[in-house]
Amino acid sequence: MVDIDGFVVAPVTEIGRHAERQPGTGFLEVLVGTSQVSHRAGKFGKMNEYSFIVWQNRNMGATAKSVRRTASRKQRRQQLIVATIKCIARNGMGSTSIGDVAKEAGLSQGIVNLHFESKDNLLTETLRYVADEYKTQFRKTLDEAGPGAAEKLQALIELDLHPAIMNRQKTPVWFAFWGEVKSRPTYRKICDTRDRYYDEILEDLCTTIIAEGKYRNVSASSVAIALNAMTNGLWLSYLISPRSFDRDQASSAASDLLRSYFPKHYS
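Its first residue numbered 53, the sequence shown is counted upward by one per residue in my numbering.
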């Protein structure tokens, strides 16, 4: 007898003693050879010693059920958010409907409404998801780069050009949400928080590099703004012409810009 996700699978020869321990348990389905017959407890017609019974184990611990429900809920929400990203990338935000998302995810519209209640909530959580994902990658890159500020700065610029960040699904989604921030305070807040975090770290790194190299007439905030504008411009070029976009050339352009400000560090 095996317990799989709350369902017990057992040979029919074991049903007698198990049914006695769980009187009244409803058998969900009975497999008899190659046929499938619906049964209720105590009705074992058309079965032999080769048959198997599958029924729900209603005595499962509450904790195990709760853990499974929580995991399933989280996984289902992520599945729907990923489907939303694909729909926005393909159709645009305005043309993406709850029905489109449900179809992309292979689920019903009712499931989408159950988890998010409305399209607005779904879109907000999708933006929050991509923003959190970007922040995680940003932090990881910062931590794993070399110890110097110049190494960290270059690694962060290269991150924005990496296929994990700049790709045919995520890039259109970012631009779709940026296009809505003026009329959507929630979107603006999420984007502003992300941009502020990013800009502050870039400026801090530039400040350190300027001090190390004793660069004159170079403003850390101005360099950070220029670098941010450059990466946004490269993202736009990729959005418009993803097939012809040359990542190596874009990386070289980024390196040239860094070198123009900090020649001692990027020679």
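These are calculated hints, taken from the structure and not from any lab test. Note that the structure is a prediction, hence the values are computed from the model and not measured. Idealized CB from N, CA, C, for every residue including glycine. Be a bit skeptical, because a hint or two may be false.
Derived DSSO-like pairs (lysine-lysine); straight-line CA-CA distance at most 30 Å [stated by the list, open to error]:
| no. | residue 1 | residue 2 |
| --- | --- | --- |
| 1 | 316 | 192 |
| 2 | 234 | 222 |
| 3 | 234 | 171 |
| 4 | 222 | 266 |
So the derived label-pair ranges between C-beta atoms look like this [claimed, not checked]:
| no. | residue 1 | residue 2 | range |
| --- | --- | --- | --- |
| 5 | 232 | 184 | 26 to 34 Å |
| 6 | 200 | 237 | 55 to 63 Å |
| 7 | 291 | 252 | 19 to 27 Å |
| 8 | 144 | 241 | 21 to 29 Å |
Cross-check of the supplied hints:
| no. | hint | in the structure |
| --- | --- | --- |
| 1 | 316 - 192 | 26 Å, holds |
| 2 | 234 - 222 | 20 Å, holds |
| 3 | 234 - 171 | 18 Å, holds |
| 4 | 222 - 266 | 39 Å, violated |
| 5 | 232 - 184: 26 to 34 Å | 18 Å, violated |
| 6 | 200 - 237: 55 to 63 Å | 39 Å, violated |
| 7 | 291 - 252: 19 to 27 Å | 26 Å, holds |
| 8 | 144 - 241: 21 to 29 Å | 22 Å, holds |
Hints 4, 5, 6 from the list above are not met by this structure, while the remaining hints are.
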